[in-house]
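> When you get a sec, could you build the whole thing from the sequences and use the hints?
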Amino acid sequence: MQPLSALRPADMPRRDPAPSRAAYKMHRLLLTPVFRALFRVGLPALILATMAGWFMSNPDNREALKGALTDARRTIEERPEFTVKLMAIEGASPAVDQAIREMLPVNFPVSSFDLDLEVMQSEVASLDVVKRADVRIRPGGVLEIHLVERAPAVIWRSETGLELLDETGHRVASLTARSGRSDLALLAGQGAQDAVPEAMALLAAGSPILDHLRGLVRVGERRWDLVLERGQRILLPEENPVGALEQVIALDQAQDLLMRDIITVDMRNPMRPTLRIAPPAVSELRRIRGLERGGL
Amino acid sequence: MNDLYEQQRAMRAMRQAALQRGVISILDVGTSKIGCLVLRFDGPDHFRESDGIGAMAGQSAFRVIGAATTRSRGVRFGEIEAMQETERAIRTAVQAAQKMANVRVDHVIACFSGGNPRSYGLAGAVDLQGSTVTEHDVARVLASCDTPDFGDGREVLHAQPVNFAVDHRSGLGDPRGQNGNRLSVDMHLLTADSGVIRNLLYCIKRCDLELAGIANSAYVSGVSSLVEDEQELGAACIDLGGGSTSISIFMKKHMIFADSVRLGGDHVTQDISKGLQVPLATAERIKTFYGGVVATGMDDREMIEIGGDTGDWEHDRRQVSRAELIGIMRPRVEEILEEVRDRLDAAGFDHLPSQQIVLTGGASQIPGLDGLAPKILGQQVRLGRPLRVQGLPQAATGAAFAASVGLCLFAAHPQDEWWDFDIPAESYPARSLKRAVKWFKDNW
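Quick mapping for you: the protein sequence lines, in order, are chains E and L. Residue numbering for the first sequence follows the numbering used here, starting at 30 and increasing by one per position. Residue numbering for the second sequence follows the numbering used here, starting at 3 and increasing by one per position.
To be clear, the hints were calculated from the coordinates, so they are not data collected in a lab. Any given hint might turn out to be false.
Stated by the list, open to error - DEER-style ranges, computed between Cβ atoms:
#: 1; chain 1: L; residue 1: K101; chain 2: E; residue 2: L72; range: 19 to 29 Å
#: 2; chain 1: E; residue 1: F68; chain 2: L; residue 2: R319; range: 53 to 63 Å
#: 3; chain 1: L; residue 1: G313; chain 2: E; residue 2: L75; range: 55 to 65 Å
#: 4; chain 1: L; residue 1: Y7; chain 2: E; residue 2: T61; range: 47 to 57 Å
#: 5; chain 1: E; residue 1: D45; chain 2: L; residue 2: E307; range: 27 to 37 Å
#: 6; chain 1: L; residue 1: L203; chain 2: E; residue 2: L75; range: 40 to 50 Å
#: 7; chain 1: E; residue 1: K54; chain 2: L; residue 2: D44; range: 24 to 34 Å
What the hints assert, rightly or not - Result set (EDC-like, lysine to aspartate or glutamate): computed pairs, CA atoms no more than 16 Å apart in a straight line:
#: 8; chain 1: E; residue 1: K54; chain 2: L; residue 2: D210
#: 9; chain 1: L; residue 1: K254; chain 2: L; residue 2: D418
#: 10; chain 1: E; residue 1: K54; chain 2: L; residue 2: E212
#: 11; chain 1: L; residue 1: K254; chain 2: L; residue 2: D188
#: 12; chain 1: L; residue 1: K377; chain 2: L; residue 2: E336
#: 13; chain 1: E; residue 1: K54; chain 2: L; residue 2: D108
#: 14; chain 1: L; residue 1: K254; chain 2: L; residue 2: E234
#: 15; chain 1: E; residue 1: K160; chain 2: E; residue 2: D195
#: 16; chain 1: L; residue 1: K255; chain 2: L; residue 2: E234
To be verified - To spell it out: a stretch of chain L is covered by chain E in this simulated footprint if at least three of its residues, at any positions, have a beta carbon under 8 Å from a beta carbon of chain E; those stretches are:
#: 17; region: 81-95
#: 18; region: 99-111
Every residue, glycine too, gets a C-beta built ideally from N, C-alpha and C.
Set out below in structure tokens:
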């Protein structure tokens with residue numbers, strides 16, 4: 030018996046195996062290279078971007094993300110490999126060492142990520158006494174500062190007091206008394222600190238008379254006077270003062286010029302050196318000349 | 003004729019575009035099945051210069067990357083009868099092939115067997131302008147062929163120069179560079195009903211595809227089923243299809259005749275259906291499983307359940323012997339072959355030096371046909387299968403795919419046809435003279 034309710038195969042609508050026109054066109058469209066790329070790359074990228082944008086549009090999410098990032102950063106920074114435990118200063122005198130330690134208030138131990146070495150370097154280098162400073166973190170958690178200090182070359186007497194200058198004229202430190210560094214020459218006069226290299230050259234050239242030297246005076250911010258013992262002065266020209274000084278020293282070595290009763294050796298015009306003789310010597314000279322003339 | 007020339011040129015240009023894209027599909031619109039293959043071209047191949055007169059259309063190596071067949075719908079005798087149905091079937095095949103190839107195809111080369119193909123032999127001759135034959139002379143001689151009156155509603159499918167002769171030296175494949183005074187040509191022209199072609203064009207257009215070429219299936223199955231020496235020495239290819247049987251005769255690697263008989267395997271199925279009182283689908287199944295054309299004593303004892311769905315026990319449990327089935331099939335197959343014989347005789351096939359006949363197509367797979375066919379067609383009959391092409395699935399290598407495979411070869415390596423040559427510039431001098439006269443008239 031055949032069931033009455035069942036549909037016989039012939040009655041069932043046969044499915045058409047052919048794709049509909051729309052399905053056919055869609056299939057062809059999806060096979061075009063542009064669309065294939067779009068569906069493989071473009072669409073997932075768009076979905077990801079949309080999700081990321083929606084997530085970031087919520088301020089709470091943004092804060093949480095930022096906090097998580099900071100925490101992660103913190104945990105890495107605080108690892109013992111990055112801890113700096115002490116500061117080592119090389120090439121500094123005890124006073125400078127102390128000053129630098131006071132100047133850089135670092136509470137050890139500290140993470141090396143929190144140290145701004147460039148700022149520290151510029152701070153240390155801003156000290157007058159420091160010629161060059163290298164700051165680095167040595168393996169083992171040591172903040173190392175390597176210094177080259179300026180060596181004082183001359184003493185400069187200014188309106189405010191005595192100061193030590195190096196050979197380039199840069200200030201090194203203050204000095205309370207001249208006797209503190211009696212080995213160094215003294216400079217004075219306005220603008221003396223700007224012409225230290227010239228003064229250094231003069232000092233080098235004038236080494237034979239260095240024992241008698243009291244100091245160098247800058248005159249009119251353009252030329253030097255050498256002040257010797259007994260108030261003697263050697264007035265040097267603007268141009269080529271070293272040559273003039275060497276001329277004077279040669280005279281001194283030949284004729285003991287400076288041993289004589291002379292107040293001033295004026296070399297301002299090197300073509301015409303002039304001597305000023307002290308008043309007693311002048312009267313003595315006149316007496317001798319009178320004798321020569323009068324025959325008394 | 004010029005209109006046709008332009009149309010075919012446009013199709014050639016489309017084919018060039020497809021070659022540049024590297025993907026083209028071929029579509030075999032048959033009565034029993036519609037097959038679609040997608041070909042990928044690997045660039046220009048080292049083709050043989052000896053084929054035809056040089057390579058005007060451009061050749062390429064290819065491989066099949068997609069293949070699909072579907073049951074044909076709305077096609078009778080190789081002609082489209084129900085446009086919507088056929089369009090759906092084409093869509094099914096094309097979509098499945100595209101899916102397999104995973105690439106979109108825009109250009110299609112199609113073949114069909116219907117439309118009453120008719121062959122014409124054309125001859126033309128011109129005096130050479132110089133002492134040697136140039137390409138321009140070839141174009142002139144092709145244009146000088148006097149077109150036969152093939153009637154209204156017919157269109158040219160193929161127009162292939164078959165033979166060139168310079169003075170009295172005939173049988174030249176490529177006459178360029180030959181010395182002589184007179185160049186003559188024999189051309190083979192194949193026409194088909196333009197309505198049939200238009201219907202096919204419309205169906206393909208409805209599927210968003212561009213037609214890059216159209217061929218007759220008799221020609222393309224001959225291209226794929228005849229081996230090279232058969233094509234060279236002369237042979238006939240009989241494509242036993244579902245709704246029609248196509249005949250093509252090849253000689254010197256050119257098709258010189260094509261025809262079709264409007265009888266095929268479907269008629270055998272109809273005979274079985276009528277003779278055994280079974281539906282067509284059952285008849286088709288019985289034909290493919292138990293069919294044959296030569297009965298033996300054993301066949302009397304082999305009983306076939308022919309089944310049924312009426313609910314009547316006696317009717318649904320009918321049996322026939324295989325001998326009875328063969329008795330139904332054989333007369334029809336004989337009729338088809340005799341009809342083919344008549345057409346071959348009409349074409350003068352028995353005057354050809356070689357009498358080789360190759361049977362191919364789906365209906366050539368009937369067991370025993372190789373015993374029956376020599377009795378009607380002559381001794382030199384063999385069953386042919388299409389050439390093997392790269393990438394073709396095993397399921398599509400049978401004799402039923404002779405036209406599809408031939409169409410692949412046609413797509414990759416077309417013979418030079420009339421429209422591959424330039425239009426001769428003969429009309430230009432007259433026109434320019436007219437223009438000069440007109441200019442004088444206008445100005446003085």
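> If you check each hint against the structure, which ones fail?
Hint check: 4 fails alone, others pass.
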